[in-house]
Amino acid sequence: MNEETRTPLLSVRNLKKHFHTNTPKGPAILAAVDGIDFDIYKGETFGLVGESGCGKTTTGRTIARLYHPTDGSIIFDGQDLAPLSQRELQPYRKRIQMIFQDPYASLNTRMTVTDIIAEGMRVHKLGTDAEMQEKVFKMLERVGLKREHASRYPHEFSGGQRQRIGIARSLAVDPELIICDEPISALDVSIQAQVVNMLEDLQKEYGLTYLFIAHDLSMVRHISDRIGVMYLGKMAEIAGSDELYIHPYHPYTKSLLSSIPVANPHKKVGDTRIMLKGDIGSPINPKPGCRFAPRCKYAQERCMHETPVLREIKPDHFVACHFCEDIRD
Amino acid sequence: MIDMSDNNLILDVKELRTTFYTHMGNVQAVRGITFQLEQGDVLGIVGESGSGKSVTAMSIMGLVDEPGRVSGGSIHFLGTDLTKLSDSDMNEYRGKEISMIFQDPMTSLNPVFTIGNQLIEVIRRHTDLDKDQAYQRAIELLRMVGIPEPETRIKHYPHQFSGGMRQRAMIAMAISCNPKILIADEPTTALDVTIQAQILDLMVRLKNQLKSSIILITHDLGVVSEVCNKVIVMYGGMVMEKASVFDIFDDPQHPYTLGLLKSIPKDVAGERRRLVPIDGTPPDLLKPPTGCPFSPRCPYAMGVCLREAAPLYQLSETHQASCWLHHKGAPAVEGFVQAEEVERHE
Chain A
1 MNEETRTPLL SVRNLKKHFH TNTPKGPAIL AAVDGIDFDI YKGETFGLVG ESGCGKTTTG
61 RTIARLYHPT DGSIIFDGQD LAPLSQRELQ PYRKRIQMIF QDPYASLNTR MTVTDIIAEG
121 MRVHKLGTDA EMQEKVFKML ERVGLKREHA SRYPHEFSGG QRQRIGIARS LAVDPELIIC
181 DEPISALDVS IQAQVVNMLE DLQKEYGLTY LFIAHDLSMV RHISDRIGVM YLGKMAEIAG
241 SDELYIHPYH PYTKSLLSSI PVANPHKKVG DTRIMLKGDI GSPINPKPGC RFAPRCKYAQ
301 ERCMHETPVL REIKPDHFVA CHFCEDIRD
Chain B
330 MIDMSDNNLI LDVKELRTTF YTHMGNVQAV RGITFQLEQG DVLGIVGESG SGKSVTAMSI
390 MGLVDEPGRV SGGSIHFLGT DLTKLSDSDM NEYRGKEISM IFQDPMTSLN PVFTIGNQLI
450 EVIRRHTDLD KDQAYQRAIE LLRMVGIPEP ETRIKHYPHQ FSGGMRQRAM IAMAISCNPK
510 ILIADEPTTA LDVTIQAQIL DLMVRLKNQL KSSIILITHD LGVVSEVCNK VIVMYGGMVM
570 EKASVFDIFD DPQHPYTLGL LKSIPKDVAG ERRRLVPIDG TPPDLLKPPT GCPFSPRCPY
630 AMGVCLREAA PLYQLSETHQ ASCWLHHKGA PAVEGFVQAE EVERHE
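Top to bottom, those sequences are chains A and B. Under our numbering, think of the first position of the first sequence as 1, with each following residue one higher. Under our numbering, think of the first position of the second sequence as 330, with each following residue one higher.
Careful: at least some of the hints might be erroneous.
As the list claims (entries may be wrong) - Here are the computed lysine to any residue pairs in the SDA-like style, where the Cα-Cα straight-line distance is at most 20 Å:
(1) A/K267 <-> B/R534
(2) A/K268 <-> B/D370
(3) A/K25 <-> B/H488
(4) B/K509 <-> B/L535
(5) A/K277 <-> B/S491
(6) A/K277 <-> B/R482
(7) A/K267 <-> B/K591
(8) A/K204 <-> B/R602
(9) A/K267 <-> B/D580
(10) B/K343 <-> B/G401
(11) A/K277 <-> B/M473
(12) B/K616 <-> A/H155
(13) B/K616 <-> B/G401
(14) A/K267 <-> B/S573
(15) B/K595 <-> A/V189
(16) A/K268 <-> B/L531
To be verified - Residues from chain B that face chain A, not an exhaustive set, calculated with beta carbons under 10 Å:
(17) L529
(18) L550
(19) E555
Claimed, not checked - Label-pair distances were calculated between CB atoms; the ranges are:
(20) A/Y104 <-> B/P617: 18 to 28 Å
(21) A/K25 <-> B/G408: 54 to 64 Å
(22) A/N264 <-> B/D457: 45 to 55 Å
(23) A/N22 <-> B/R603: 41 to 51 Å
(24) A/K138 <-> B/K657: 43 to 53 Å
(25) A/R6 <-> B/R603: 18 to 28 Å
None of these hints come from the bench; they were simulated from the model. Predicted model only: the values in this text are computed from it and were never measured. Even for Gly, the Cβ is constructed at its ideal location relative to N, Cα and C.
Can you make the complete structure from the sequences, with help from the hints?
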């Protein structure tokens, strides 16, 4: 991407989303997202990866303002969305859309495909009934379905087709940013490639920007221009996707990437894998210090009490680790 | 095909059919599959949802629920046909000789009993150990599967375990009677990739230690290439290809296998290869297409494919594929070899 086009469409700064929860020891704070920063440039795909409980879905939902952020700012096209009221958010809701993971749960079973796809257009008053119907037909054809599907109900479709309906719904209001929350993980392997190719084509055609949240690391590499790796509510590393996969710096990124099983029986990663000890910790009442320190084999005294900040160790490569330069191995 | 003198042979499945007799019609989930398992094998069964891979496993375990039942074929375990056994006779095999690990450890563990209770129950059901011995054995098993502080953890309930720890506890339960076969149905699908690595590693290590075999059911080709030595590719209830793991990945001889391999990303630096998806959608098993189940989506489909399912062709000692492209009279397609047929579907 050349320099002129590198204007951030979205800048997330110190974003926090805490939930109140109850533990056997009394009320507690669950810090799902705990102060993260990143930019997404116009027209790019930013991949967000991490294991369950790391806060990647909460990040996506907070940016879409489905959650009210606890702290920080979400600057979209120059406007901070974090403090806005529901009414003030209305125009931005049209510009930021979401595609959800579960194509069975995310479509209202009592609405026809036309109603589902046109709902956003109705809310935002984008044209007359006839215009909206025409747009529904156009969108259906664009996502590889047929006109005659418009009057059917979701249960008449397969998982892959439902996900296409979900994509048509998000596209119908001409958004600029689409937050794709695990859009392919519920689909069969042979269908995943169909949906990924379609998302790539739509991006080119409509100049879309994607935030692509997923845990399938090989697919994220395929679709993303840049990738952020999250661990327990914090951003561990951000880099271009090739750079991240070839030169990971953060010890967590390294072990995560080395755990991906490769579809090549001659290159078993079993021997080179950096096996992590233990499980992902708890985001409830997090202690200071690096979140990854309890599982990190390089952890030192400093990691236990000083939270590492995300710093640029080379152009466009950010790492949150005190010692990442010293542990190149 | 079965060599009875081969004493490594543990499981011999022949022409297995499992059908669900529903109000909507008869769903033919498994339509005549044949395979063998030898001691030490890690056999991967690959396929998408509805391919019949889980029903195959349930049929071997004798756990197919109403309205389904095994409607044909045989499953010989060390000479005994499991399909002929009564439910109580089957109990002597299930959990003892053949045990199973499921995808979701939370729903397969009982939430109101401690891990210890559940583990001891299995041990006492199948062995002569008394209460104290079973308790000691349970602790030993938990230690074997890498659960720290087993003396404390044995008193805990499933909800006090993380997802990875629950799957370890399930594995402890499954191996408690030194089974000959461990069937794992998507054992790591619900787990994160770093935990998945730990669990796969553990399963293979225990298999070697206990001299057993594994049937691993998965949709993840990466997992298959990592741990399996043999692979069966299933589609629409039938076997499409059966081969060593190297044959499957180096020289796929069925258009479906080829399609699967092309649809997963294989990116190298500085180069984005567009994925090649398989067009269309999986078949409706209520009314499966006549002929080859993959024919409606197959780029090479010929007239015969729509009329009749292909027999299995023996392509090499370790490689069989069910595709008419291997027939002597088929037009030559690059990459596909022609061979003798070995086994014809009914």
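Hints and how they fare:
For the proposed pair A/K267 and B/R534, the alpha carbon gap of about 19 Å is at most 20 Å, so the pair holds. Proposed proximity of A/K268 and B/D370 is supported: the alpha carbons are some 17 Å apart, at most 20 Å. Straight-line distance between C-alpha atoms of A/K25 and B/H488 comes to about 16 Å, which keeps the hinted pair within the 20 Å bound. A distance of roughly 12 Å separates the Cα atoms of B/K509 and B/L535; the hinted pair therefore holds under the 20 Å criterion.
Restraint check: the Cα-Cα separation between A/K277 and B/S491 comes to about 14 Å, which is no more than 20 Å; the hinted pair holds. Annotation: proposed proximity of A/K277 to B/R482 holds, straight-line Cα distance about 18 Å (limit 20 Å). For the suggested pair A/K267 and B/K591, the alpha carbons sit about 18 Å apart, so the restraint of at most 20 Å is met. At most 20 Å may separate the alpha-carbon atoms for a hinted pair to count; A/K204 and B/R602 meet this at roughly 16 Å.
Distance hint between A/K267 and B/D580 is fulfilled; the C-alpha atoms sit about 16 Å from each other, no more than 20 Å. The hinted pair formed by B/K343 and B/G401 meets the criterion: a straight-line CA distance of about 9 Å does not exceed 20 Å. Only pairs whose Cα atoms come within 20 Å are accepted, and A/K277 paired with B/M473 is accepted, the gap being roughly 16 Å. Taking the CA atoms of B/K616 and A/H155, the gap is about 18 Å. The hint holds against a cut of 20 Å.
A distance of roughly 19 Å separates the Cα atoms of B/K616 and B/G401; the hinted pair therefore holds under the 20 Å criterion. A hinted pair counts as satisfied when its Cα atoms are at most 20 Å apart, and A/K267 with B/S573 qualifies at roughly 15 Å. Distance restraint check for B/K595 and A/V189: the Cα-Cα separation of roughly 14 Å lies within the 20 Å cut-off, and the hinted pair is therefore satisfied. For the hint linking A/K268 to B/L531, the alpha-carbon distance of about 16 Å falls within 20 Å, and the restraint holds.
Below 10 Å, beta-carbon pairs count as interface contacts, and B/L529 has one with chain A at about 8 Å; its hint therefore holds. The beta carbon of B/L550 comes within 4 Å of a beta carbon in chain A, closer than 10 Å, and the hint placing it at the interface holds. The criterion of a C-beta within 10 Å of any C-beta in chain A is met by B/E555, whose closest approach is roughly 4 Å, and the hint holds. The hinted range of 18 to 28 Å is satisfied by A/Y104 and B/P617, whose Cβ atoms lie roughly 23 Å apart.
Between A/K25 and B/G408, the C-beta spacing of about 57 Å keeps the proposed range 54 to 64 Å intact. Our hint of 45 to 55 Å for A/N264 and B/D457 holds, since their Cβ atoms are close to 47 Å apart. A beta carbon spacing of about 49 Å between A/N22 and B/R603 agrees with the range 41 to 51 Å that was offered as a hint. For the pair A/K138 and B/K657, the beta carbons lie near 50 Å from each other, so the given range of 43 to 53 Å is met.
With their beta carbons about 25 Å apart, A/R6 and B/R603 fall inside the hinted range of 18 to 28 Å.
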